[in-house]
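Heads up: the sequence lines are chains H, B, S, C and L, in that order. Under the working numbering, the first residue of the first sequence is numbered 173, with each subsequent residue one higher. Under the working numbering, the first residue of the second sequence is numbered 32, with each subsequent residue one higher. Under the working numbering, the first residue of the third sequence is numbered 86, with each subsequent residue one higher. Under the working numbering, the first residue of the fourth sequence is numbered 7, with each subsequent residue one higher. Under the working numbering, the first residue of the fifth sequence is numbered 16, with each subsequent residue one higher.
Certain hints may be false.
If you want the footprint, here are the derived chain S segments under chain C, 3+ residues with CB under 8 Å [what the hints assert, rightly or not]: (1) 198-208; (2) 370-384.
Keeping only pairs whose Cα atoms sit at most 27 Å apart, straight-line, the calculated DSS-like set for lysine-lysine is [as the list claims (entries may be wrong)]: (3) S:K295 with C:K221; (4) C:K38 with C:K23; (5) S:K272 with S:K248; (6) H:K209 with B:K121; (7) C:K206 with C:K221; (8) S:K248 with B:K122; (9) B:K122 with C:K23; (10) C:K38 with C:K57; (11) C:K400 with B:K378; (12) C:K205 with C:K122; (13) B:K121 with C:K57; (14) S:K258 with H:K346; (15) H:K346 with C:K400; (16) C:K427 with C:K452; (17) S:K272 with C:K400; (18) C:K427 with B:K121; (19) S:K295 with C:K199; (20) C:K57 with H:K209; (21) C:K330 with C:K23; (22) H:K269 with S:K148; (23) C:K199 with C:K122; (24) C:K53 with C:K39; (25) B:K118 with S:K312; (26) S:K297 with S:K312; (27) S:K248 with S:K312; (28) C:K427 with B:K122.
These are computed hints drawn from the structure, not numbers from a lab. Nothing here was measured: the structure is a model prediction, and the numbers come from that model. Heads up, the beta-carbon is just placed ideally off N, CA and C, and yes, glycines get one too.
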Amino acid sequence: MMNPISLIEISIGAIFINNFVLSRFLGLCPFFGVSKKVSSAAGMGMAVIFVMTIASSFSWVIFNYILHPYHIEYLRTIVFILVIAGLVQLVEMALQKYSPTLYESLGIFLPLITTNCAVLGVAIINTDLNQTTGSPYTFIESLLNGIMSGVGFSLALLLMAGIREKTEFSPVPKALEGLPIAFITAGLMALAFLGFSGLNFFPAVGG
Amino acid sequence: MTNEQQPTKEPTNESPMAADGVKIETFQLTASPHLRQPESVSHIMMWVVIALLPSLAAGVVFFGPQALLLTVVSVLAAIVTEWAIVKFLKKSAAIGDFSAVVTGVLVAFNVSSTLPWWMAAIGSAFAIGVAKMTFGGLGANFINPALAGRAFLMAAYPSAMTRFSPTTFGSLSGIDGISSATPLAQFKAAMADGSFQALDFQDALSNLFLGNVGGCLGETSALALLAGGILLLYKRIIPLRIPLVYIGTVFLLSWIFNGTGAHFTSSAIIIPFYHILAGGLFLGAFFMATDMVTSPITPAGKIVFAAGCGVLTFLIRKFGGYPEGVSYSILLMNLFVPLIERSTRPKMYGKVKNRD
Amino acid sequence: MPIELLYPVIVVGSVGLFFGVGLAIASKKLQVYVNPRIAQILGLLPGANCGACGYPGCSGFAKAVAEGKTEASGSVCVPGGSKIAHAIADILGITADAVEPMMAVVHCNGGSDKALERSRYEGITDCHAAILIGNGSKICQDGCLGLGSCVRVCPFNAIHVTKEGVAVVDADKCTGCGKCVKVCPRKIISLIPKVHKIFLACSNHDRGAKVKKYCSVGCTACSLCVKATPSGAIIMENNLPVLDYAKEENFIPAAYKCPSRCFTDLVKTRSKANIDTKCNGCTACVAVCPVPGVISGEKDQRHVIDKDKCIGCGICLNACPLHAISMWGVGPLVKTTAGKR
Amino acid sequence: MPRRYTFNGGVHPPHSKSRTERLPIEVFPAPKKVIIPLSQHIGAPAKPVVKRGDRVLVGQVLGEPGGFVSSPVHSSVSGSVLSIGPYAHPMGRQIVSIEIENDEKNETIAFTASIKAWRDAAPQELVQQIQAAGVVGMGGAGFPTHVKLSPPSNKPIDILIINGAECEPFLTADHLLMLERTGDFIEGVLILKKILNAKKCFIGIEENKPDAVKKITSLLNDARLREIRLCTLIAKYPQGGEKQLIRAITGREVPSGGLPMDIGCVVQNVGTTVAVFDAVNRGIPLYERVVTVTGPAVGSPKNLLVRIGTPINFLLEACSFNQKSVRKIIMGGPMMGLALSDVNVPVIKTTSGLLAVDTTTPALRTYPCINCGHCIRACPINLVPSRIAKYIEKENYQAAEEWNVMDCMECGSCAYICPAKINLVHWMKLGKYHVQASRAAAAARK
Amino acid sequence: MMIGQEIKRGIIDENPILVLALGLCPSLAVSTSVQNGFGMGMAATFVLTCSNVIISLLRKVIPDKVRIPCFIVIIAMFVTIVQLVLKAYLPALDKQLGIFVPLIVVNCIILGRAEAYASRNNVFKSLIDGLVMGVGFTFALCILSVIREILGSNKLLGFKFVPGFQPMTVFILAPGGFFTIAFVMGVVRYIGNRKRGVRR
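Make the full structure from the sequences, and use the hints.
Right, here's the structure in full:
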């Protein structure tokens, strides 16, 4: 059950091969919104990892102990979003009260993340696998997928921020300034990330 | 400004010039230094083009005139695209630098000689039009245009891009130009099904060095690439550290993780040589990882960058979905360049012993 | 069966209830007070983030205002002006002072057609950069460099550099934020009250004979403008007249006396004086008219004004004991002394 | 083979010294009129002590120092004061200057203040003598020498370095001074050494001046001069930069934002050393200096001993410069010199050379930066000029400051080497100006 | 005439994707074929319109502090309805759209309109706004998917398009999506700039 190889595979897959932003098109709004500076991208990345971890663990528990046993899987959208939104807001309030410094660096990004498809996406993907494949994610796998998807998102975000800080010096044509050039940047990044496709460290095991 | 009016009651002194005829020389007023070394950007690009010529010759020798056609088409497509975009944007930027030529040649060097010419043109146009000019042209792009063009073609026409032709000379041993698979693909297949024979691959080394092997048209001859690379090193256009570290990393990794379980058997020693001579590593290490625009500007950053390229090349070759890893690894490392530059600022004079 | 139908209701309801109650408690327990006025004030501000107030952008200003660190009078947020100041005052419950709208003017008119250059500056297109390299290329050490540092800093796109290389402010667009005043390395931009359309377009402190050698519109410090302004609102300081806009409202005579055409008048066409039939020929107007030969007529006869020569200063309006003179023609005469009658 | 000293980075511009390096120093006759600016040094300008119409003699004090970091100025001719007022200065600004009409009598003040027995004199006395003579750093910066020679007691000086590198192309003034006044020069070094009480003393000379190296070496063979060592430097620009010279010879690094005295070093230029000798041993104030007049647009280049205040057009004419082909006139060397916009400006204490050039410098960028990194390799203090310039272009002065723009010494190596011909030094100057302005504003707020 | 203006606003002036850059994730992910794009557009339009109406109806009841969670619950309800309907009647499309159907919940357009428009305007206006924005969203999706389908698989609505043209598979992969939206957006801005006379 706790196969270390499958855990590594999940990590590699979530970070590189099925990168949330560059291959799954999830979480694009914060990806383009908060990637203008490396410093804020780093804060955002931490926040996303944090929220994704919470989201994937809680949603796993709720799905496997409430929705699945009572056959009301169709409610997961509504329940997940409620749980995530509620939790993040609680965390945000707690941060603001008890750790203002952490709130300053992390908290300001939290409201941006609550209603973000990457976070809901990771919860749904985790449970989708439960539905479609014979081997549902265990809690650990689900948690790991959450964390690593967050890491993959943060990696893409950091790279993007670095590149945008650099291309800020570039004389981009007027019509392409801002978002369009960011899209092209993301497209070129996605093109480079295609190099990871098929990456498989354990060919014998993974098949 | 239209609503401005000069009081014109008593017009005086119509001439702006001083009346007493003092002659005032106008010298040029600029910041120091008043001396500049003569070499310019277009010189650099021109030397890169010259350094690529031996490999082009090798490509023509091994793959026939088709190689030349592809290169010419690709270069033309690059130049025309750049010209059209500069025209459209009404930019004043001079097109006289050779950077588009370099990109065009490199795109052609990164495709199979069997590729239809129009595909090469598309790749070239993409390289210039999307990867370079959208960011504002020379010096503004963050990713190597030629490699982006290749990656685009790879994603657009995967089958055409992986169909290779044998060379014009034919067989000398097991691994050579006869087979249409690239040397690394053969190596990977041999490793996978256990048919790996050190002797076959040992014989192949000289073919690899000279270029009598299948593959992309510019990457076959390590010798020709080395000649061009040495020219650029001599002209101080590329720094030695990038090719050295890049090739060295691949060599070391493929020796340590050679898959045979031993390190000093003949096959274990041949494998790293095979790895560095095959699959366009020399092309990547001398001409694409050293691209000034898309590699780190800091001296320490160049080493990190080259080592990263080496590690990724090795990982993709060994574990990835492609037999060749050079182009993707350089592209991926291009993405890391800004972060590398941030963290490898050179130590400033007088920084260590700062009083506070 | 019915119980199964109830599951979703129960689940969604209980999750909703849980978080609803949880958040309600949390919001009470963990509340951190954020001044709601900040958002309100920010909504009112022009959003140009010009920084004229001295705070980092409009949000910084809003915060400072809400916290009472600065007053919200129109003189602090100049682009917003008194209108916004009043609106902010409403939020804060205090009254704001009306502020006189200001505009920036460039005190130089010496373009390449009028002022000589001593060398060819080739370098960064920036005034500070030119100052650093041999103090610019103009002979005049106080002239506009025309490299557009003020243009780039203007948040309202109100400044441009003419093809002769002199910066010009568009009075309609200028909000008087003063950013250009701060950035100009030669300190030749200043703010004047918007109602005054006349200003001195020269900043040169050299003596007259020297100025004439290199600039045809340079002030020669002849003092004619000082003499033309009896109220003493113009004084000569270091070879350059200084206009006191608080003291005097009518600089028209001074401007039209200037032999070097150093004044710029932003009114396109001034209305001209006209003497009506009430005139009894007392010649009081002739005595005050700054331009000789404009008013003509026999004593005790109705006088006439030469509309071509009249500069429209309106001084005669006050002088006429019979109120027989009025201003005619297109364009308003802005706030002349005539209004005080 | 003796050890050859050098530093990291730098560039190799052509030396271009062959036209003047063998020409002896000629005395240039005092002109009809001299203009002596009251500010020829770093620090507060001098305060005038003469009035219009006063008769002055050669060497007479015209302006008293305006503060500790300041220096007096002296008359270089005898005659009457024509005017005191703003006059064009090589820096481009109008600076209060004293205009003196030469009466051709060349009457000098009595140089009675000389301290022949300087070996027995107190260091303070010698420093006062040097200050009274108006000696400033003659390499180009013009830092008052007496300030350098009065380090605070908590900063003991153990090394004195004499800068004979003269790394700027074209210039040969210091070279000729070392050849022609070798004895005076060495004695000047000894005076400086005594003042500072330095344990070690080095003379750094670039290896492209073998005759000077040979002559000084033969003199230093004297047993009494064993404490002075001659260091041959690799000919590379900016070998004569104060920080580079210290690095090359001692291996020490001046801390960022600090002075050489922080690490126990003092560097003096050759011209300054000879001026110190003149001031101490002969009592002569600094009123003349050696100027190399050269450049492609000059017909007969010369090394001239010129009175301070001589308008430069006299010098250019004396060297038959080609008025038609000249595009640019530079005061100083081609790497760090100032482009002049007026040929009427006077020679000042820091004027080491005059260049008339028939080519223009590519001033605006003709290519975009291609990230080649040549500027980083050339930068002798390991900055990243291209990046800093981009920050400044984007008006991000804070980032420029973080990337140490303030440590740039504007040596010009980066701009010299740049294949894109970007005006890197100009950007640095602009950035430094803005950083300074914002620092001043921040200080004012406090 | 008001309606006409509104439609122009939704499709051109304030197009949610091409001008406001909202709802990027689904628009890039499902615009690989016109069928998917149109299906997604319709689904989003349905949710947008319905939630706008309900939110507008309840705008005076919902307390300000918890309005966002309330909006989300309302939206999620309609999304669940869409999900169930798709599963029942269009299983193929449901499979194609995959996870992006439930993700309509967090589509910025819907929450954005709820927050910016429906919570401040009356029911009728909100209904129109929802419809118009939905049409704009669908329109932009269709443009993107037409380009990507033709270039990426040389098909339009599943039919072969240009004979002899070799499709570039990259356009149905992630990079192609980014490039397509970048250039469509660039063209829209270019035209807009031209209209406003901004220089290139």
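The hints, checked one at a time:
Evaluation of the coverage hint for the region 198-208 of chain S: fulfilled, as 4 residues show C-beta separations to chain C shorter than 8 Å, against a requirement of three. Here's how the region 370-384 of chain S fares: 0 of its residues keep a CB closer than 8 Å to some CB of chain C, so the rule of at least three is not met and the hint is violated. Between S:K295 and C:K221 the alpha-carbon distance is near 53 Å, which puts this suggested pair outside the 27 Å criterion. For the proposed pair C:K38 and C:K23, the alpha carbon gap of about 31 Å is over 27 Å, so the pair is violated.
About 21 Å separates the Cα atoms of S:K272 and S:K248, which keeps this hinted pair within 27 Å; it holds. A C-alpha spacing of about 31 Å is found between H:K209 and B:K121, which places the hinted pair above 27 Å, so the restraint is violated. Proximity of C:K206 to C:K221 is assessed by CA-CA distance (about 21 Å); at most 27 Å being required, the pair is judged to hold. Among the hinted pairs, S:K248 with B:K122 is consistent with the structure: their alpha-carbon atoms are about 21 Å apart, no more than 27 Å.
With a C-alpha separation of about 42 Å, the suggested pairing of B:K122 with C:K23 is violated against the 27 Å cut-off. Of the supplied pair hints, the one linking C:K38 and C:K57 holds, its CA atoms being roughly 19 Å apart against a limit of 27 Å. For the suggested pair C:K400 and B:K378, the alpha carbons sit about 24 Å apart, so the restraint of at most 27 Å is met. Straight-line distance between C-alpha atoms of C:K205 and C:K122 comes to about 23 Å, which keeps the hinted pair within the 27 Å bound.
Proximity of B:K121 to C:K57 is assessed by CA-CA distance (about 62 Å); at most 27 Å being required, the pair is judged violated. At roughly 24 Å between alpha-carbon atoms, S:K258 and H:K346 fall within 27 Å of each other, so this suggested pair holds. Straight-line distance between C-alpha atoms of H:K346 and C:K400 comes to about 16 Å, which keeps the hinted pair within the 27 Å bound. Under the criterion of a C-alpha separation no larger than 27 Å, the hint pairing C:K427 with C:K452 is inconsistent with the structure, at around 41 Å.
The hinted pair formed by S:K272 and C:K400 meets the criterion: a straight-line CA distance of about 23 Å does not exceed 27 Å. Taken as a hint, the C:K427 and B:K121 pair is honoured in the structure, with Cα atoms around 22 Å apart against an allowance of 27 Å. With a CA separation close to 50 Å, the supplied pair S:K295 and C:K199 exceeds the 27 Å bound. Restraint check for C:K57 and H:K209: the C-alpha separation of about 62 Å exceeds 27 Å, so the hint is violated.
Proposed proximity of C:K330 and C:K23 is supported: the alpha carbons are some 23 Å apart, at most 27 Å. At most 27 Å may separate the alpha-carbon atoms for a hinted pair to count; H:K269 and S:K148 meet this at roughly 20 Å. Taking the CA atoms of C:K199 and C:K122, the gap is about 16 Å. The hint holds against a cut of 27 Å. Of the supplied pair hints, the one linking C:K53 and C:K39 holds, its CA atoms being roughly 21 Å apart against a limit of 27 Å.
Restraint check for B:K118 and S:K312: not satisfied, since their Cα atoms lie roughly 59 Å apart, outside the 27 Å limit. Using a Cα cut-off of 27 Å, the hinted pair S:K297 and S:K312 holds, with the two alpha carbons roughly 21 Å apart. At most 27 Å may separate the alpha-carbon atoms for a hinted pair to count; S:K248 and S:K312 exceed this at roughly 35 Å. At most 27 Å may separate the alpha-carbon atoms for a hinted pair to count; C:K427 and B:K122 meet this at roughly 19 Å.
Hints 2, 3, 4, 6, 9, 13, 16, 19, 20, 25 and 27 from the list above are not met by this structure, while the remaining hints are.
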